[in-house]
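Participant: Protein chains in written order, with this note's numbering: chain A, 50 to 249; chain B, 50 to 249.
By construction, these hints were calculated from the structure, which means they are not laboratory data.
Everything numeric in this text was worked out from a predicted model, so none of it was measured.
Among the clues, some could well be false.
Put simply, identical chains are the same to the list, so a pair is met inside one copy or across any two.
Unchecked claim - Straight-line distance between alpha carbons at most 30 angstroms, and here's what the computed BS3-like set of lysine-lysine pairs gives:
1) K131 - K100
2) K242 - K203
3) K207 - K131
4) K157 - K241
Protein chains: 2
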Amino acid sequence: MAEPIDFYFDFSSPYGYFASSMVDGMAGRFERHVNWHPILIGVAFDETGNKPLIDQPLKGEYCAHDWQRVSRFMDVRWVLPKVFPISTHNAARLYYRLEGRDPELARKFARAAFHTYFGEGRDITSPEAVAEVAAPLGIEADEVHDTVHDPTAKEDLKRRTAEAIRRGVIGSPYVIVDGEGFWGSDRLWMVKKWMQSGGW
Amino acid sequence: MAEPIDFYFDFSSPYGYFASSMVDGMAGRFERHVNWHPILIGVAFDETGNKPLIDQPLKGEYCAHDWQRVSRFMDVRWVLPKVFPISTHNAARLYYRLEGRDPELARKFARAAFHTYFGEGRDITSPEAVAEVAAPLGIEADEVHDTVHDPTAKEDLKRRTAEAIRRGVIGSPYVIVDGEGFWGSDRLWMVKKWMQSGGW
Numbered sequence: 050m051a052e053p054i055d056f057y058f059d060f061s062s063p064y065g066y067f068a069s070s071m072v073d074g075m076a077g078r079f080e081r082h083v084n085w086h087p088i089l090i091g092v093a094f095d096e097t098g099n100k101p102l103i104d105q106p107l108k109g110e111y112c113a114h115d116w117q118r119v120s121r122f123m124d125v126r127w128v129l130p131k132v133f134p135i136s137t138h139n140a141a142r143l144y145y146r147l148e149g150r151d152p153e154l155a156r157k158f159a160r161a162a163f164h165t166y167f168g169e170g171r172d173i174t175s176p177e178a179v180a181e182v183a184a185p186l187g188i189e190a191d192e193v194h195d196t197v198h199d200p201t202a203k204e205d206l207k208r209r210t211a212e213a214i215r216r217g218v219i220g221s222p223y224v225i226v227d228g229e230g231f232w233g234s235d236r237l238w239m240v241k242k243w244m245q246s247g248g249w
Numbered sequence: 050m051a052e053p054i055d056f057y058f059d060f061s062s063p064y065g066y067f068a069s070s071m072v073d074g075m076a077g078r079f080e081r082h083v084n085w086h087p088i089l090i091g092v093a094f095d096e097t098g099n100k101p102l103i104d105q106p107l108k109g110e111y112c113a114h115d116w117q118r119v120s121r122f123m124d125v126r127w128v129l130p131k132v133f134p135i136s137t138h139n140a141a142r143l144y145y146r147l148e149g150r151d152p153e154l155a156r157k158f159a160r161a162a163f164h165t166y167f168g169e170g171r172d173i174t175s176p177e178a179v180a181e182v183a184a185p186l187g188i189e190a191d192e193v194h195d196t197v198h199d200p201t202a203k204e205d206l207k208r209r210t211a212e213a214i215r216r217g218v219i220g221s222p223y224v225i226v227d228g229e230g231f232w233g234s235d236r237l238w239m240v241k242k243w244m245q246s247g248g249w
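Build the full structure now, drawing on both the sequences and the hints.
Facilitator: See below:
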């Protein structure tokens with residue numbers, strides 16, 4: 050098995066959601082595992098001076114249209130959530146806690162969180178909402194509440210987000226393959242070419 | 050022949066340059082003509098609150114790296130010009146003047162301007178520099194100087210840029226096919242799919 054690739058995203062990122070639906074399958078064809086890294090992209094935006102797409106005049110309208118178009122093309126469920134964008138620290142904290150004890154479960158939770166938010170349009174900001182996403186996976190509400198308020202989990206997410214920015218993550222999604230970073234779901238085809246050819 | 054597609058760009062846009070090297074060939078396979086529309090993307094940036102990529106912290110570094118990578122992948126010559134970005138009103142004014150009397154010549158001039166700026170890294174801002182690009186195509190320096198100072202040519206470019214923004218052009222390159230707009234050279238594959246399938 051070749052080196053894993055790194056998939057950085059924010060749970061509140063539509064293009065991160067679209068990418069999440071295909072990144073594992075794409076990498077799998079090259080026998081690559083994908084490490085998922087939910088981060089708080091707002092922290093990167095503070096560094097780049099960027100803003101959420103939806104808050105940018107004209108660009109916001111373009112994107113709202115584009116998300117529908119991409120979802121139809123990819124045949125992925127899509128609802129623009131009423132509350133958008135959101136802060137995803139609770140979901141991300143739980144993700145890393147789960148990853149520590151059961152990576153498969155963490156991946157399932159991440160998919161469920163994305164699906165709840167962008168497939169059904171239901172908010173996933175609060176600890177209660179995160180617990181609702183987690184419950185069908187057998188994750189106890191107590192574990193959710195303990196985690197999201199745990200100083201260690203808070204520090205852990207902060208550290209991981211800072212590390213992502215150090216690695217050049219400037220938006221969501223962002224994929225790193227063999228040290229080479231690619232920003233945007235529109236670049237997955239190039240990530241694929243890179244894995245295919247070993248770079249150029 | 051199906052309806053032409055519209056290709057909007059700024060002569061100072063690296064991704065516009067990359068797209069210009071393939072957009073005609075791509076559309077030709079679907080028997081589509083491409084109308085080229087150089088505009089002043091800074092005017093659109095004023096509306097969206099956007100800034101040139103190179104001036105954005107971290108994003109600028111990412112893009113500088115990406116431009117080299119994309120140029121190698123596409124086998125297109127690439128130099129990051131010392132003076133970048135630039136104001137391209139003179140080149141764009143000449144483009145439309147030429148288009149009025151000889152569309153083929155206008156296209157040749159546009160390719161030469163892109164090549165001079167991003168293929169050789171030579172500035173194309175001033176009327177003199179534009180005249181140097183135009184000379185090998187048999188365009189007299191007098192025509193260049195007359196055009197770039199002509200109030201009608203100035204008004205024409207203003208009007209075309211405003212019309213582009215009205216049509217939703219928020220960046221460079223931007224392609225409109227059958228009323229559907231696609232932003233970025235990374236979306237040319239989707240423009241192709243759209244022409245192939247008639248939309249989805």
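Participant: Each hint needs a verdict: does it hold in this structure or not?
Facilitator: Hint by hint, here is what the structure shows:
1. In this assembly of identical chains, K131 and K100 lie within 30 angstroms of each other by CA distance both inside one copy and across copies; the values are 18 angstroms within and 29 angstroms between.
2. When the C-alpha separation of K242 and K203 is checked against a cutoff of 30 angstroms, the pair qualifies neither within a copy, at 36 angstroms, nor between copies, at 44 angstroms.
3. Only within a single protomer do K207 and K131 lie at most 30 angstroms apart by alpha-carbon distance; the minimum there is 27 angstroms, versus 38 angstroms between protomers.
4. For the homomeric pair K157 and K241, the shortest alpha-carbon distance inside one copy (24 angstroms) is at most 30 angstroms, but the shortest distance between copies (34 angstroms) is not.
Against the hints set out earlier in the document, a violation occurs for number 2 only.
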